[in-house]
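Protein chains in written order, with the working numbering: chain Y, 1 to 112; chain S, 1 to 112.
The hints are simulated quantities; they were obtained by calculation from the structure and are not laboratory data. The structure displayed is predicted, hence computed values, not measured ones. Note that beta-carbon positions come from the ideal geometry of N, C-alpha and C, so glycine has one too. You may find that some hints are simply not true.
[What the hints assert, rightly or not] With a straight-line Cα cutoff of 25 Å, these simulated PhoX-like cross-link-like pairs (lysine-lysine) come out:
hint: 1; chain 1: S; residue 1: K99; chain 2: S; residue 2: K69
hint: 2; chain 1: Y; residue 1: K57; chain 2: S; residue 2: K69
hint: 3; chain 1: S; residue 1: K70; chain 2: S; residue 2: K99
hint: 4; chain 1: S; residue 1: K69; chain 2: S; residue 2: K56
hint: 5; chain 1: S; residue 1: K26; chain 2: S; residue 2: K69
hint: 6; chain 1: S; residue 1: K99; chain 2: Y; residue 2: K57
[Unchecked claim] Pairwise CB distance ranges (calculated):
hint: 7; chain 1: S; residue 1: K69; chain 2: Y; residue 2: G40; range: 24 to 30 Å
hint: 8; chain 1: S; residue 1: N111; chain 2: Y; residue 2: Q54; range: 42 to 48 Å
hint: 9; chain 1: S; residue 1: E53; chain 2: Y; residue 2: S65; range: 32 to 38 Å
hint: 10; chain 1: Y; residue 1: S79; chain 2: S; residue 2: A82; range: 25 to 31 Å
[Stated by the list, open to error] Here are a few chain S residues that sit away from chain Y, every Cβ distance over 10 Å (derived from the structure):
hint: 11; residue: Q33
hint: 12; residue: R62
hint: 13; residue: I110
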Amino acid sequence: KAGVTQTPRYLIKTRGQQVTLSCSPISGHRSVSWYQQTPGQGLQFLFEYFSETQRNKGNFPGRFSGRQFSNSRSEMNVSTLELGDSALYLCASSVNLAGELFFGEGSRLTVL
Amino acid sequence: SQQGEEDPQALSIQEGENATMNCSYKTSINNLQWYRQNSGRGLVHLILIRSNEREKHSGRLRVTLDTSKKSSSLLITASRAADTASYFCATALIQGAQKLVFGQGTRLTINP
Chain Y
1 KAGVTQTPRY LIKTRGQQVT LSCSPISGHR SVSWYQQTPG QGLQFLFEYF SETQRNKGNF
61 PGRFSGRQFS NSRSEMNVST LELGDSALYL CASSVNLAGE LFFGEGSRLT VL
Chain S
1 SQQGEEDPQA LSIQEGENAT MNCSYKTSIN NLQWYRQNSG RGLVHLILIR SNEREKHSGR
61 LRVTLDTSKK SSSLLITASR AADTASYFCA TALIQGAQKL VFGQGTRLTI NP
């Protein structure tokens, strides 16, 4: 069974641009969550989706948004990029709403 | 802000020795999970312990949970060079939610 797939793996953007990151969960997994990892703040929760509904949202500005499609695939978008948005963005999926998370390898975003 | 604090921040031991990492948290939890991350890659789930459990084993891993002290420990026995990684504890505050609050992690180095 294929793991969680995140694309792109690496990307470079400039301040003010926007970016869309994609996540394909493990087949059969309906829950997808997103995390941001930076050296300073560590791992921080961004969003959680289940059956196309956002169930929880972390403490991030409105520039960060996401969605989940009917096939459970998810995207997150960051608009008006700032230097501080440079981070490893990790997507995780799970079968249901309780239990272990299966993480992808992440999308490493660099904002110049 | 981080829910958990991990101790030590870094640990370096010889191959074959045991490694113990500790995690403290601040609020009531539904469960506590431990994850491993190899440099710059995705997280791998190691073990989940529920709030009504006190100890759990998985292979060379032993996790304890003391809800009265709001603390947990991860013991890796007979360490191997491949165990070199960062280890994170994560707490699930709400039942039925995948919003995890991660600690800052312990960087474990196993010297051959």
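Hints and how they fare:
{"no.": "1", "hint": "S:K99 x S:K69", "verdict": "22 Å, holds"}
{"no.": "2", "hint": "Y:K57 x S:K69", "verdict": "28 Å, violated"}
{"no.": "3", "hint": "S:K70 x S:K99", "verdict": "18 Å, holds"}
{"no.": "4", "hint": "S:K69 x S:K56", "verdict": "17 Å, holds"}
{"no.": "5", "hint": "S:K26 x S:K69", "verdict": "9 Å, holds"}
{"no.": "6", "hint": "S:K99 x Y:K57", "verdict": "8 Å, holds"}
{"no.": "7", "hint": "S:K69 x Y:G40: 24 to 30 Å", "verdict": "28 Å, holds"}
{"no.": "8", "hint": "S:N111 x Y:Q54: 42 to 48 Å", "verdict": "45 Å, holds"}
{"no.": "9", "hint": "S:E53 x Y:S65: 32 to 38 Å", "verdict": "37 Å, holds"}
{"no.": "10", "hint": "Y:S79 x S:A82: 25 to 31 Å", "verdict": "41 Å, violated"}
{"no.": "11", "hint": "Q33", "verdict": "7 Å, violated"}
{"no.": "12", "hint": "R62", "verdict": "18 Å, holds"}
{"no.": "13", "hint": "I110", "verdict": "22 Å, holds"}
Violated hints, listed in ascending order, are 2, 10 and 11; each of the other numbered hints is respected by the structure.
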